[in-house]
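Protein chains: 2
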Amino acid sequence: MVTLKEIELAHDRIRSFIHRTPILTNKSLNELSGASLYFKCENFQKGGAFKIRGATNTVEQLTQAEIEKGVVTTSSGNHGAALSMAVTRRGGGTKVVMPNNTPKIKINNVERNGGEVVWCEPEQSSRESVLADLVEQTGAIVVHPYNDERIVAGQGTCAKELMEDEPNLDMIICPVSGGGLLSGTLLAAKGMKPEIMVYGAEPSEADDAYRSLQKGEIVANETIETICDGLRAQIGTIPFPIIQKYVDGIITVTETEIIEAMKMVWERMKIIAEPSSVITLGALLKSKDKFSGKKVGLILSGGNVDLNQLPW
Amino acid sequence: MVTLKEIELAHDRIRSFIHRTPILTNKSLNELSGASLYFKCENFQKGGAFKIRGATNTVEQLTQAEIEKGVVTTSSGNHGAALSMAVTRRGGGTKVVMPNNTPKIKINNVERNGGEVVWCEPEQSSRESVLADLVEQTGAIVVHPYNDERIVAGQGTCAKELMEDEPNLDMIICPVSGGGLLSGTLLAAKGMKPEIMVYGAEPSEADDAYRSLQKGEIVANETIETICDGLRAQIGTIPFPIIQKYVDGIITVTETEIIEAMKMVWERMKIIAEPSSVITLGALLKSKDKFSGKKVGLILSGGNVDLNQLPW
Numbered sequence: 001m002v003t004l005k006e007i008e009l010a011h012d013r014i015r016s017f018i019h020r021t022p023i024l025t026n027k028s029l030n031e032l033s034g035a036s037l038y039f040k041c042e043n044f045q046k047g048g049a050f051k052i053r054g055a056t057n058t059v060e061q062l063t064q065a066e067i068e069k070g071v072v073t074t075s076s077g078n079h080g081a082a083l084s085m086a087v088t089r090r091g092g093g094t095k096v097v098m099p100n101n102t103p104k105i106k107i108n109n110v111e112r113n114g115g116e117v118v119w120c121e122p123e124q125s126s127r128e129s130v131l132a133d134l135v136e137q138t139g140a141i142v143v144h145p146y147n148d149e150r151i152v153a154g155q156g157t158c159a160k161e162l163m164e165d166e167p168n169l170d171m172i173i174c175p176v177s178g179g180g181l182l183s184g185t186l187l188a189a190k191g192m193k194p195e196i197m198v199y200g201a202e203p204s205e206a207d208d209a210y211r212s213l214q215k216g217e218i219v220a221n222e223t224i225e226t227i228c229d230g231l232r233a234q235i236g237t238i239p240f241p242i243i244q245k246y247v248d249g250i251i252t253v254t255e256t257e258i259i260e261a262m263k264m265v266w267e268r269m270k271i272i273a274e275p276s277s278v279i280t281l282g283a284l285l286k287s288k289d290k291f292s293g294k295k296v297g298l299i300l301s302g303g304n305v306d307l308n309q310l311p312w
Numbered sequence: 001m002v003t004l005k006e007i008e009l010a011h012d013r014i015r016s017f018i019h020r021t022p023i024l025t026n027k028s029l030n031e032l033s034g035a036s037l038y039f040k041c042e043n044f045q046k047g048g049a050f051k052i053r054g055a056t057n058t059v060e061q062l063t064q065a066e067i068e069k070g071v072v073t074t075s076s077g078n079h080g081a082a083l084s085m086a087v088t089r090r091g092g093g094t095k096v097v098m099p100n101n102t103p104k105i106k107i108n109n110v111e112r113n114g115g116e117v118v119w120c121e122p123e124q125s126s127r128e129s130v131l132a133d134l135v136e137q138t139g140a141i142v143v144h145p146y147n148d149e150r151i152v153a154g155q156g157t158c159a160k161e162l163m164e165d166e167p168n169l170d171m172i173i174c175p176v177s178g179g180g181l182l183s184g185t186l187l188a189a190k191g192m193k194p195e196i197m198v199y200g201a202e203p204s205e206a207d208d209a210y211r212s213l214q215k216g217e218i219v220a221n222e223t224i225e226t227i228c229d230g231l232r233a234q235i236g237t238i239p240f241p242i243i244q245k246y247v248d249g250i251i252t253v254t255e256t257e258i259i260e261a262m263k264m265v266w267e268r269m270k271i272i273a274e275p276s277s278v279i280t281l282g283a284l285l286k287s288k289d290k291f292s293g294k295k296v297g298l299i300l301s302g303g304n305v306d307l308n309q310l311p312w
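In order, the protein sequence lines correspond to chains P and D. Heads up, the first sequence is in the working numbering, so the first residue is 1 and it goes up one at a time. Heads up, the second sequence is in the working numbering, so the first residue is 1 and it goes up one at a time.
Keep in mind that a hint or two might mislead.
Computed footprint of chain D on chain P, listed as stretches where at least three residues anywhere in the stretch have a Cβ under 8 Å from a Cβ of chain D [to be verified]:
1. 43-52
2. 78-86
3. 214-223
Pairs of lysine to any residue, SDA-like flavour, derived with a Cα cap of 20 Å [said to hold, decoys possible]:
4. P:K263 to D:I107
5. P:K263 to D:R268
6. D:K104 to P:S129
If you're looking for bench data, these hints aren't it; they were derived computationally from the structure. Think of the CB as a built atom: it goes at the ideal place given N, C-alpha and C, for glycine as much as any other residue.
Just chain P, with the same shape it has in the complex:
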């Protein structure tokens, strides 16, 4: 299992390639929630999302020979762009298997960073079979978006920064999809402060992490009909046991609650955050009692939204 030490090493490895993103506060949202909120703004990260952390940590550990074979992945978009950025910098090529319903901004981000898009159907099975075919054809190295210890360690650097800048936090809320960010957050936050409580926020319409925890084993998503295009993946076998061991709960959030939270963040904070990240505020607002009077860190994981397809 990844340790805090590996997150610290990852941070040293990637520090010069990423932004140290700001932590924003907002008086009006504090009043509304009855808590003190600290938003870790990965929407301002390079590539518009936290994904550059894990991707860079992994790509920096590849050999030159591996880079020359080329790198492939599946991605709802943000990981693909981040991986392309990290691989392009090392002089390699990247192929990204992406669902054909991906927002255009995320496609553009992959291409702008030197990646090549390979289309698949939105279902997990299609993602995997198209990826397997690519690997067979090209011999390229797979960098999985979350089911990889190097990715988990890289994503953990986000919560490490948050804890360094706001050591008095009582709780953190983090989105959960494949589990890379949540497992990294758990290891960093609880490694640095064992008594902190960490919650996952997951769409009710793609609640595999919530149900997997209840059942004690990984179960599949029953639907992925959520506007959170970054939260439709299946929880991974590497993140799952970390989440099982450490998480204090998963809060599921409806589509309406996600959209309301998104409007609040946009209108009151004047920042662009994607549905997959404002879900943390949605989780807090639907469970106000749990967080009342506390200092709560919310990880805004990204800001890549198709402005022509807003959900209101």
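Here the structure of chain P is known, so what remains is to put chain D in place on it, guided by the hints.
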């Protein structure tokens, strides 16, 4: 005429009531423009716009007896909300004459800050006659949104902060409507660094400042058919001579150019800025040669956008 000394005094007077807003940079927009851009983010200011600066500077100088009479103004929205905030804090009441086509977010901001909205037609003549009636009926004190030296001095504190934080700027671009912000910016920036160049950015569809400068006297807007709801006012008699004396030029920007600039700011910077403020980027991008290789400050004056009525 207002001096730098009065802007300094204004800053001391209002400092504890406002945010010192951040200055953001963006690599991708630097590459696109060929210049180094420094965005002064008044969209993160209290009330979502720079207007709190001038309003607070004015209201803090009113006597208690004046406050008790009540305060009135006309406003496209941001000044009304800012004035309401400043007057409410001193225990007084505010009436704001607003055009009946004002975005809902700006109406809500007035009401949330304790102000009362009084409707008028969008034309300048209607704004003025409704205001005059109100003053006659109530004896309230008028705090004009821009044609007031206290307002000009207050708005100048924005450029003062920008120059303090980025003393190496070569140029500044600032939106122009009634002229309060631009005249304050000119006095602060050129007072602190005489060789700096300062440009106004104005919608082609509400270009009274541009034409007034050409003619050497104030002329009326021929149209106000612009999405920049904060830039439809008529240039004021107090700001005009300051602008005449100091400005290095007014750049007029089409509606299409404004919308393109707005999408760029939203997509690449992940911040919400209103059309009336992204016009500064539109002005820069249409006159790239003028700014090429320079360090340019762009004043993003506000971020109050009706998310249900986006221009794309």
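Hints versus structure:
1. 43-52: This one holds; 3 residues, not fewer than the three required, reach chain D with a Cβ under 8 Å.
2. 78-86: violated (count 0)
3. 214-223: violated (count 0)
4. P:K263 to D:I107: Holds, at roughly 17 Å.
5. P:K263 to D:R268: 19 Å, holds
6. D:K104 to P:S129: 49 Å, violated
In terms of the numbered hints stated before, the structure departs from hints 2, 3, 6, listed from lowest to highest.
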